[in-house]
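A.B. asks: Here is how the chains run, residue by residue.
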Amino acid sequence: MIKINIDQERCKGCRLCVIVCPKDIIIMSEHLNSAGYHPAIKIEEKEKDCIACGKCYQMCPEVAIEINKE
Amino acid sequence: MIKINIDQERCKGCRLCVIVCPKDIIIMSEHLNSAGYHPAIKIEEKEKDCIACGKCYQMCPEVAIEINKE
Amino acid sequence: MFEELIIAGYGGQGIMFCGTLLAHLAMEEGLNVTFFPSYGAEMRGGTANCRVVISREEIGSPMVKNPSSLIIFNKPSLIKFSGQLKEKGLLIINSSLVEEEIVKEGIEVIRVPVTQIAQKLGNDKVANMVALGVYIRQKGIVSLESAIKGLESILLLKDKEEKKNLIEINREALKSGFNY
Amino acid sequence: MFEELIIAGYGGQGIMFCGTLLAHLAMEEGLNVTFFPSYGAEMRGGTANCRVVISREEIGSPMVKNPSSLIIFNKPSLIKFSGQLKEKGLLIINSSLVEEEIVKEGIEVIRVPVTQIAQKLGNDKVANMVALGVYIRQKGIVSLESAIKGLESILLLKDKEEKKNLIEINREALKSGFNY
Amino acid sequence: MKKRILIRGNDAIGEGAIQSGCMAYFGYPITPQNELTAYMAKIMPKIGGVFIQAESEIAAINMVFGASLTGVRTMTSSSSPGISLKQEGISYMAACQLPGVIVNVQRGGPGLGNIAGSQGDYFQATRGGGHGDYRTIVLAPYSVQEMFDLTCLSFELADKYRSPVMVLSDGVVGQMLEPIHKDDKNVERKIKDKDWILDGCKGREPRMVRSLLLGEEELEKYNWELNNKYKRIKEQEIRAELYNVEDAEIVIIAYGIAARMGKQAVKEARRQGLKIGMIRPITLWPFPEQIVGNIAQKVNSILVIEMSLGQMIEDVKLAVEGKTKVHFYGRPGGSVLEVEEILDKLREISN
Amino acid sequence: MKKRILIRGNDAIGEGAIQSGCMAYFGYPITPQNELTAYMAKIMPKIGGVFIQAESEIAAINMVFGASLTGVRTMTSSSSPGISLKQEGISYMAACQLPGVIVNVQRGGPGLGNIAGSQGDYFQATRGGGHGDYRTIVLAPYSVQEMFDLTCLSFELADKYRSPVMVLSDGVVGQMLEPIHKDDKNVERKIKDKDWILDGCKGREPRMVRSLLLGEEELEKYNWELNNKYKRIKEQEIRAELYNVEDAEIVIIAYGIAARMGKQAVKEARRQGLKIGMIRPITLWPFPEQIVGNIAQKVNSILVIEMSLGQMIEDVKLAVEGKTKVHFYGRPGGSVLEVEEILDKLREISN
Amino acid sequence: MKKLFSYPDSLKKARFSYCPGCGHGIVHRLLAEVIDEFKIREKTIGIAPVGCAVFAYHYWNFDVTEAAHGRPPAVATGIKRVLPDRIVFTYQGDGDLASIGAAEILHAANRGENITVIFINNAIYGMTGGQMAPTTLIGQKTWTSPGGRKAELSGYPMKISEALGQLDGVHYIERVAVNNPENVLKAKKAIKKAFKNQIANKGFSLVEVLSMCPVGWAVTSVEALRWIEEKLIPVYPLGVIRDKSKST
Amino acid sequence: MKKLFSYPDSLKKARFSYCPGCGHGIVHRLLAEVIDEFKIREKTIGIAPVGCAVFAYHYWNFDVTEAAHGRPPAVATGIKRVLPDRIVFTYQGDGDLASIGAAEILHAANRGENITVIFINNAIYGMTGGQMAPTTLIGQKTWTSPGGRKAELSGYPMKISEALGQLDGVHYIERVAVNNPENVLKAKKAIKKAFKNQIANKGFSLVEVLSMCPVGWAVTSVEALRWIEEKLIPVYPLGVIRDKSKST
Ligand SMILES: Cc1ncc(C[n+]2csc(CCOP(=O)(O)OP(=O)(O)O)c2C)c(N)n1
Ligand SMILES: Cc1ncc(C[n+]2csc(CCOP(=O)(O)OP(=O)(O)O)c2C)c(N)n1
Ligand code: SF4
Ligand code: SF4
Ligand code: SF4
Ligand code: SF4
Ligand code: SF4
Ligand code: SF4
Ligand SMILES: [Mg+2]
Ligand SMILES: [Mg+2]
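Taken in order, these protein sequences are the chains called A, B, C, D, E, F, G and H.
According to this note's numbering, the first sequence holds residues 1 to 70 in order.
According to this note's numbering, the second sequence holds residues 1 to 70 in order.
According to this note's numbering, the third sequence holds residues 1 to 180 in order.
According to this note's numbering, the fourth sequence holds residues 1 to 180 in order.
According to this note's numbering, the fifth sequence holds residues 1 to 351 in order.
According to this note's numbering, the sixth sequence holds residues 1 to 351 in order.
According to this note's numbering, the seventh sequence holds residues 1 to 248 in order.
According to this note's numbering, the eighth sequence holds residues 1 to 248 in order.
Chain A extracted, bound-state conformation:
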């Protein structure tokens, strides 16, 4: 199973991962992290759709995303 991990403190809410994900798995959260950004989060229910294409990882300027296979 693919596990998407978005570091909530590293994320700066740029949305690049959101727009490149072909499966629309990632969205922006409502809460602020300690640096004052709304971090990206995965839609838990959709995580299973992840094809591990790595696009979100490739585009994340903060290297905040990890994709693992469990």
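Do not rely on the hints blindly, as some may be mistaken.
[Claimed, not checked] In silico PhoX-like cross-links for lysine-lysine, where the CA-CA straight-line distance does not exceed 25 Å: (1) B:LYS23 to H:LYS2; (2) H:LYS141 to B:LYS23; (3) D:LYS149 to F:LYS182; (4) H:LYS189 to H:LYS3; (5) B:LYS46 to H:LYS3; (6) G:LYS192 to G:LYS244; (7) D:LYS158 to D:LYS175; (8) G:LYS3 to G:LYS244; (9) D:LYS164 to H:LYS3; (10) C:LYS125 to C:LYS158; (11) F:LYS202 to F:LYS229; (12) E:LYS42 to E:LYS182; (13) E:LYS182 to C:LYS158; (14) G:LYS244 to H:LYS150.
Calculated from the structure, these hints are not laboratory results.
Following the hints, put chains B, C, D, E, F, G and H with the ligands in place on chain A, whose structure we already have.
C.D. replies: Frame of chain A, contents of chains B, C, D, E, F, G and H with the ligands only:
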């Protein structure tokens, strides 16, 4: 008639005029000018052969040569 | 009068505009004033703060160390600056973003949900004006009317398109703060 | 002993080699010595001169102003330097190139046609060695033998091909001068 | 009529330049003076002037060199590392006697340092960080008002003495906003015809401007001429503010931003009954040597305060010549002087 | 065994560098130091060292910066205008505490000036022509022998204090030939492992070398650390030659080439019965302040002689603190001091 | 658990100080991955520029120094010549490389220094607040071109890579972009090649990366991707500019 | 009496300080003739470099200044922007233009400054005694390349004109030589064009002149002519490198 005039004090004896003259009108002198160079001189008898091609003038780095028509 | 104020928060929260407007208002009142901006190491975003000194006398250092007032827009700024506040100082906190209770004694704390108020007005970017409204009322440096006049004259200088809307909403925010 | 010498002429007349060789010879004699070169504004050619100071004591300024000896290779140098020569000073003139009679009184003038002598030896470039030969004889700073030894050892350092010929003709020039 | 406007220190320099008829600005971005470059970028095209963001500080100072040759009023600005890069160019300008204004909004150093206000470049400014015997007039504003006023003055002096003039400011005064008064006068923007400018030799002999002087003792002679000019400047252009010195037992000496902390300390000390005064050199070169020397004879001691490890203190000591004790309080690297600490130091001295 | 060889001043610097284990030289041609660059071009390839004719003086000093990071002994050389261009780089080296030797064979200035020997760059060398509070050790050779010896010393000091060191020479000493004694020792050419060098983080944590210190008061702290180092240098590294000072009524103070004229004048004056001595600072920074201060108390007056309009004289005055009169005789722009004129001046003073 | 995409060893865990959506972070990661893949972390020395990436030493997990503005190629030369078996690279912005440091990059290239240059072209001076860079587009508004860059006053978007490509010392130059995942992968390939060249002693290699600066361009992070596609790439076409190994 | 070939008005009567056979003198004359022919002597400002031509102000009969080494393009920019109707040219050696001044020439070109640049490429530093220039040939012995220039250590003869030719600000670049009368005439034509462009406000024009330095090459004046033909021209081919008026 063509008049070749070589400024004996400007000339630094580089010989460039000598080698480009198609009529072999110019040669190097034996005497030293005040800067310590052997200046170029025209061979008086040959001056009449000058075709005013200007090659000597074109090549003279010291702008020491003038060609006039009298 | 001698007032030393620090306004602090995230970059993007309008900290600098808040401070320069205040400086402008003080000038229009014929007071001496200095404004000094300061940014964190982050390129953008990150933290930002500014220092405003207002006085009848000639002002020495613009680099306030122990402010008499603080306007705080986020938690890191509260942690950083609250200890430096003078005794009996005024602390205005954006309670929309800062939940902490303040430990320090002997200061006047006003908690205002400026972001929420601003959101209600339609743009959370004017939270800064709400806070300024509160501050002006507390300190009485200028009247609300003068403040609004000053605000308008400054915004008119901007070459933004949406000048009118901008003035409108900022004015309302200032008022809401003043009347909070 | 305290000797201050200026050697002057056109660039290309071997002025600098003449001076450094003398400096080298003086060093080999265990004397203190300084050599200082100086070029005119012309890129190459033009004038060139050098100053050599030889002394038993520590040497102060290497920048000779009033030399005790002069070796002059051309007319402009004669005009420039002859007036600076000390009383009773030695003036060696290359009479092949300098025709002027000297006006200054109270100095020792030696006129030697060094260029002609060099030409006879087969290369007018060694005129400098002829002049140096004359100078050494007059001043007696080193013996002819030491001078020749020094000359050879220096020329051996050069990475020129024609080293041998070079040594040969320079040695002869030095001798001719010495024995002039 | 004098208007009162709230303006940033850096912008005030720009405004001063515009009001002085500056028609050509060349700069390269560097914090904490970027607002000035941006100000010129905005205004110059509007008044028909020249603005170029040069490829480097070196290019900028040499563009100033070129513009100055035409007789136009011209300026460049930078901050510490960028000013280091201009040293060769400044030396050339001084050598060719070309007027021009160079603004240094100092930051913390050495190296890349930081972008806070600092006073670490005093030596460089006053001793000529470049090569050779030359001096540049150095003016040190301590308020936004003076950013404006001294910029105007710098253009006057540059023309008057055919010399580069430096405005030595710092990141604090550069970044801060204060109200200033300024006249909006009509500025004459025409190039004055000077007898040394290069604008084509129509109707006159060709001119040359150069600093290579190879003739015998030619350069020496020229240096003595420059020296005479420097003497004239020393005689005529020294400026300093005296504050409460008449009865002072201790005087603080400080310039620029440090003088603000100094003044505040003087006020505070007076309130506490201490007889403290202050001398604020406005021209750093020429340094108000006599003023300091005279006052040194009357006071118990002198406290030099600087936002550096101590640089102006050498000029103070040279002026004092051992006549009284010279103390120092300073903080390098862009840290701000604390009024409280100045007071502590004053108390320490007065005991 | 010590050999005696006749060698040009510039070459002696090169030879000193080679003997000190210098393995990387970066330079850009400029008169009157060209023989040094050429010397390194010839020798470095032979000993497996690095020689690069850089594209500019700025590139050269930054190459030195890079080479120094690896721990190798490294050097650059130039003359006045080129040294001006290196000021930013020197400030960076001082800030990053990188050892390296910078040779300035001074010529006449300001601007392009001329190519004669001069002493117009004293301020630049001793005050840091670059930005920020920093100092470089400055050594001033006055003979070809010292060109060699002080170059060797400069490499030692650079490593000892992790600091750029300047050899401040001039065109006269650079161009002249004199016999020198030198050991031909076996030079160790391996890079010493220092605990700050960058050579890949194998077997250790990654390192960084930088001068940007943005943390609050971080740069200030660092500056005070540097200051402590400078204090240590002041305590330990002052060097000066005293000549005939014991009974002197007047002392001449001079460095470098000027000190040769000075010494000659002392000898001449002694011959004429005048009690003259000389102090010759060998380290210009740190300046032999105490030595001068102590002697100042004993003499009638001091005569500073320089081949400039007067720069070192400020350090002398700072040391003297008004204890005795300080006179000056100097010639700027590459003109040579005349012994006769020094004597005239001495006579004038002694009356 | 198998890591498919994860944080590279050659990056420290520190948070970047870049603005949201900034391209620097992506390129840092690519660099780190390449260094990881070649297993050269322990013999690499990186040179950070003066520019937004000035703090790179906080992020890169190997030896790093910081050069004066524009001088990384000179510093790299000094290091590489003394330690020819180490891997030395510079990381430079368009202000650093193409403006103040134009002479240094030109000459390092012409000397054929065996170094790798990562050139971040974001068409602006990010760090100092958004001034015009040599690479700024015609019409682009910046702090120092408030009316938009005008060719008559400020010249043209500078094609420094093309200019460098004319020099015989250059082994390899390619222009890439990081504005979409595909381009990011191509960028990585180019960076990898540039390091491989150095490892194989091939000489000077440079990768120009068109990189997002949403703040400097006053657009959102997402718009910045399109800005590269629609505005930058037409002026700075992607692809190999010089590759000696491919020429005859 | 009719003057066929005579001393141009735009030259003063002073003797040159150049070595015998030096190319600088020829180019000075060409320049002067062109300025005479355009009748612009009274509105021309020339910028002499630091290099053998540093004394040009003694020779040129119009307003002249001397720029710091490598900075003539910046000085020219300063003058020309203030006085756009004057004719401003720089005269620079290969050390001045291609080495220390590489950034300045690159940017003046990229800005498309409406100036004329005369670039004397003699493959050596003449003035300082014959050191290696960026344009020095492989194998060429100089004071700082005593064993001959080696590509591994010092890189390649720098084709700066070709590099500049890539920049959009450039209107015209041509390479000429002055090693025989025919080439001298072509050189004059190119210089004339470069001035004509400026007069017509066309922008940046540069003429690279391969020029003799017999002393620096350690050959006779006559051999130097052949040296250009046989050694320099093969590396630096003559001809137009860029001409906007001819491109479409
Ligand atoms: C000598 C010098 N000049 C100027 C500066 C100021 N400065 C810092 S970064 C920078 C430009 C940064 O732009 P770029 O290289 O494009 O990098 P970016 O920030 O866009 O990544 C400048 C001009 C400096 N630090 N030093
Ligand atoms: C800043 C600076 N660096 C170095 C020099 C020394 N210098 C004078 S001319 C020159 C090079 C001359 O070569 P080039 O430009 O090719 O002109 P050429 O003499 O060959 O005509 C150099 C390095 C200087 N005057 N200023
Ligand atoms: S790996 Fe691909 S599918 Fe999975 S979350 Fe990331 S972008 Fe979406
Ligand atoms: S790309 Fe990275 S920084 Fe941007 S929103 Fe997604 S996780 Fe956050
Ligand atoms: S003009 Fe021609 S033919 Fe006459 S002398 Fe000159 S080169 Fe010879
Ligand atoms: S070309 Fe000119 S300088 Fe050369 S020899 Fe002929 S006249 Fe003399
Ligand atoms: S200013 Fe631009 S380049 Fe710099 S961090 Fe922000 S987005 Fe990145
Ligand atoms: S050195 Fe070369 S370029 Fe210079 S004047 Fe002599 S021949 Fe001409
Ligand atoms: Mg950029
Ligand atoms: Mg050349």
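A.B. asks: Kindly indicate which numbered hints from before are broken by the structure, ordering the numbers from low to high.
C.D. replies: As far as the earlier hints go, 2, 8, 9, 11 are violated by this structure, in ascending order.
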